[in-house]
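Single-letter residue listing:
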Amino acid sequence: MQALPDACADPRTRPYLEQFRDVHETLSGAGVEWLARSRVSSMAHLCSGGFPTQRDEDWKYTPLRSVMAHPFSLAVGGHVPDDPDRYGVPGLDSLRVACIDGILDSRCAPCPAAGLSVQSFSDMLARNPDQLKSCMGKVSGARSHGFVLLNEALHRDGVVIEIAPRVRIDRPVELLMLSCEDSALVLPRILIIASEGCRVEIVEHQVSAHAGSGLYCGMTEMYLEPGAHVKYSVIQNQSRSAYQVSGAWAELAENSRLDCRTVSVGGALTRNDLAVNLTGPGAHCDMLGAYCLSGRQHVDNHTTVVHGAENCTSNELYKGVLDDRSRGVFHGRIRVEEGARKTDAQQANNTLLLSRGAEIDTKPQLEIYADDVKCSHGATVGQLDDKALFYLQTRGIDPAAARSMLISAFVGEVLQSVEPQPLHDYLCALLDEQLSDPGTGEPGP
Amino acid sequence: MLSVRNLHAAVEGKAILNGINLEIGPGQVHAIMGPNGSGKSTLANVLAGRDHFEVTAGEVEFRGWDLLEMEPEIRAREGLFLAFQYPVEIPGVSNLHMLKAAVNAVRRHRGEEELNAMEFLKLIKQKAALVEMRQEFLYRSVNEGFSGGEKKRNEILQMAMFEPRLSVLDETDSGLDIDALKIVAQGVNSLRSSDRSILLVTHYQRLLDYIVPDFVHVLAHGKIIRSGDKDLALELERKGYSWVEDHAGAA
Numbered sequence: 000m001q002a003l004p005d006a007c008a009d010p011r012t013r014p015y016l017e018q019f020r021d022v023h024e025t026l027s028g029a030g031v032e033w034l035a036r037s038r039v040s041s042m043a044h045l046c047s048g049g050f051p052t053q054r055d056e057d058w059k060y061t062p063l064r065s066v067m068a069h070p071f072s073l074a075v076g077g078h079v080p081d082d083p084d085r086y087g088v089p090g091l092d093s094l095r096v097a098c099i100d101g102i103l104d105s106r107c108a109p110c111p112a113a114g115l116s117v118q119s120f121s122d123m124l125a126r127n128p129d130q131l132k133s134c135m136g137k138v139s140g141a142r143s144h145g146f147v148l149l150n151e152a153l154h155r156d157g158v159v160i161e162i163a164p165r166v167r168i169d170r171p172v173e174l175l176m177l178s179c180e181d182s183a184l185v186l187p188r189i190l191i192i193a194s195e196g197c198r199v200e201i202v203e204h205q206v207s208a209h210a211g212s213g214l215y216c217g218m219t220e221m222y223l224e225p226g227a228h229v230k231y232s233v234i235q236n237q238s239r240s241a242y243q244v245s246g247a248w249a250e251l252a253e254n255s256r257l258d259c260r261t262v263s264v265g266g267a268l269t270r271n272d273l274a275v276n277l278t279g280p281g282a283h284c285d286m287l288g289a290y291c292l293s294g295r296q297h298v299d300n301h302t303t304v305v306h307g308a309e310n311c312t313s314n315e316l317y318k319g320v321l322d323d324r325s326r327g328v329f330h331g332r333i334r335v336e337e338g339a340r341k342t343d344a345q346q347a348n349n350t351l352l353l354s355r356g357a358e359i360d361t362k363p364q365l366e367i368y369a370d371d372v373k374c375s376h377g378a379t380v381g382q383l384d385d386k387a388l389f390y391l392q393t394r395g396i397d398p399a400a401a402r403s404m405l406i407s408a409f410v411g412e413v414l415q416s417v418e419p420q421p422l423h424d425y426l427c428a429l430l431d432e433q434l435s436d437p438g439t440g441e442p443g444p
Numbered sequence: 000m001l002s003v004r005n006l007h008a009a010v011e012g013k014a015i016l017n018g019i020n021l022e023i024g025p026g027q028v029h030a031i032m033g034p035n036g037s038g039k040s041t042l043a044n045v046l047a048g049r050d051h052f053e054v055t056a057g058e059v060e061f062r063g064w065d066l067l068e069m070e071p072e073i074r075a076r077e078g079l080f081l082a083f084q085y086p087v088e089i090p091g092v093s094n095l096h097m098l099k100a101a102v103n104a105v106r107r108h109r110g111e112e113e114l115n116a117m118e119f120l121k122l123i124k125q126k127a128a129l130v131e132m133r134q135e136f137l138y139r140s141v142n143e144g145f146s147g148g149e150k151k152r153n154e155i156l157q158m159a160m161f162e163p164r165l166s167v168l169d170e171t172d173s174g175l176d177i178d179a180l181k182i183v184a185q186g187v188n189s190l191r192s193s194d195r196s197i198l199l200v201t202h203y204q205r206l207l208d209y210i211v212p213d214f215v216h217v218l219a220h221g222k223i224i225r226s227g228d229k230d231l232a233l234e235l236e237r238k239g240y241s242w243v244e245d246h247a248g249a250a
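In the order they appear, the protein sequences are chains A and B. Using numbering that gives the first Met the number 0, read the first sequence as starting at 0 and increasing by one per residue. Using numbering that gives the first Met the number 0, read the second sequence as starting at 0 and increasing by one per residue.
Worth flagging that the hints you see were computed from the coordinates, not collected in a lab. Please read these numbers as outputs of a predicted model, since none were measured by experiment. Warning: the hint list may mix true and false statements.
[What the hints assert, rightly or not] As a list, the in silico DMTMM-like pairs of lysine to aspartate or glutamate whose alpha-carbon atoms are at most 25 Å apart:
#, chain 1, residue 1, chain 2, residue 2
1, A, K386, B, E68
2, A, K386, B, E53
3, B, K181, B, E113
4, B, K238, B, D228
5, A, K386, A, D323
6, B, K13, A, D385
7, B, K13, B, E70
8, A, K386, B, E88
9, A, K386, B, E162
10, A, K386, B, E11
11, B, K222, B, E53
Based on the provided sequences and hints, a complete structural model is requested.
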């Protein structure tokens, strides 16, 4: 087995190496050799390669100073709220599964839906580790960075969701990712295996039960078998002092469909990597994002879609509303591989700046190695329309309500297709609330 | 209803209104006519509260209130309505949504109960019929992709919803063909009553064939230079604006 390094090229990794030394023998699946080996290897890579810096092109606009200022300690667990359900999406008739600081809450009732299996990572590793070997880290191997390695080395638990072939799960599965321990390092894993022809809607709902800080590095891997249809919504509503660097990776087989949606309102600094591989002909993915930021919040969405087969389509739309001194970053990469004919890839990033101090850095990146493809990208940056505001005022609507109406209309495009209604209403309310919150005074990057 | 006294207004330091005096009583219809650049639209916008224009002197009293001290939305809730010369497109906000928010804002202001969805729908369908507007337009984004005539009809629909005490119609006739003009005029006329007043701002006499005013004023260089009854509009149509301007200059 690879030995742990004694030295760290990047001193910022040292506290994490020390934690690794202390706990790695107690982490889930410690007795599983391939996993233990992979953990050590990830840690070694982290020590030698370090965390990203702004000199890395992919991190140019996202300063990590504040994230790295203090090392975070792995959540110890046990900070379990009496009633995690009260943090759920109100009124949503969901199959709810709670992860407290990244660890599946054992009080959760087993899911009653036929054809749906929800297990904790640690249970799965104890009972049937080899089933995980083939898929863990497979899609996340490419383009990994220090935070991915941190998760790979130190993750403790998470959720494995499997949907049986041709099963349609009628109620949404709500993964309530609850942060309860102040200033903790939380490293959840989510694995979704959508078997052939199944249909499921999953809502990953990140919320803080405290107002403190913390570092959340979640990793989600999704495998969509032929004809599977997965709706995957991520709601990011962590405390305004929390940091997050998360990633989701998906592999789509032929004729499968993934509808991804990321709505970010909370957190001091959030970085999302979303990578979708369209590997089978006729696969489709929607990548939608909405973020409403104020104070000194920072949200960075890095997306990649790889068209690796013929007749695949992707449709990407990210919309942001930035107030005060908040900052948004959008990087959209589309790669069309050789032979991926009849590709249709659309991408847009639209931003509304509500203050002079707000900033968006947006960067499309198209790499096309095939003929007969349709690819487009566009970015707009604008301000609230004065004329529209006045028009609404002359109709008796007060300026605050008029502003909120215009802003909701702007981001509404991203939420238009959200079902069921309680989820739609909740997302609208979150965005609305975020905008009426003065939001100043929180620490930022 | 409205009294404007010695109103001066400027935009970016340039004087546009140079002492307007105007008295509009309840139930009266006044028309303000004038060549391009005479300050017609500025007057309409100043009355509605557009902050782009700076009032440099004068006062405006509306139903006993100091109008210039009121925010635009309060003016609207107190019964002043501006039909825009260029109605604004608002993508993503449906006509229905905006009107419901607007009507209920007005009702709250008056201490009345808000309309529920059913009551509101019933009311708006009835008013839409008045301006011959198809129901699909209610569900579309405000003015987005509407033709010129549809936009103007949408303004009159809103006017009908609010039942304002004073309606200021800013060149509502511009860009309308004769059929649309008749529909718009019919909508406006149906709202005429002894306690509602209307101020028509227009370049052409044509509209006044359909909405017959009690008084006609001619505006030039930011001042009312002549007032009369509806015959003044006809005379103006015949002789052109240069006639009144020369006349005023000579006087």
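Is the Cα-Cα distance between K386 of chain A and E11 of chain B 25 Å or less?
17 Å, holds
Would the hint linking K386 of chain A and D323 of chain A be met if the CA-CA limit is 25 Å?
22 Å, holds
Checking one constraint from the list: CA of K181 of chain B to CA of E113 of chain B, max 25 Å. Satisfied?
With a Cα-Cα distance of about 33 Å, the restraint between K181 of chain B and E113 of chain B is violated, given a limit of 25 Å.
Below or equal to 25 Å on CA atoms is what counts here, so check K386 of chain A against E162 of chain B.
With a Cα-Cα distance of about 23 Å, the restraint between K386 of chain A and E162 of chain B holds, given a limit of 25 Å.
Under the criterion that the straight-line Cα-Cα distance not exceed 25 Å, is the pair K13 of chain B, D385 of chain A satisfied?
21 Å, holds
Proposed proximity, D228 of chain B with K238 of chain B (alpha carbon, max 25 Å):
The given pair, whose Cα atoms are some 16 Å apart, holds under the 25 Å limit.
Within 25 Å, alpha carbon to alpha carbon, are K13 of chain B and E70 of chain B?
Within the cut-off at roughly 23 Å; holds.
For the pair supplied as a hint, K386 of chain A and E53 of chain B, is the alpha-carbon distance within the 25 Å limit?
Since the Cα atoms of K386 of chain A and E53 of chain B sit roughly 16 Å apart, the hinted pair holds (cutoff 25 Å).
Is K386 of chain A close enough to E68 of chain B, meaning Cα to Cα at most 25 Å?
21 Å, holds
Holds or violated: are the alpha carbons of K222 of chain B and E53 of chain B at most 25 Å from each other?
16 Å, holds
What's the verdict on K386 of chain A and E88 of chain B, does the C-alpha distance respect the 25 Å limit or exceed it?
9 Å, holds
When the structure is compared with the earlier hints, a violation turns up for hint 3 alone.
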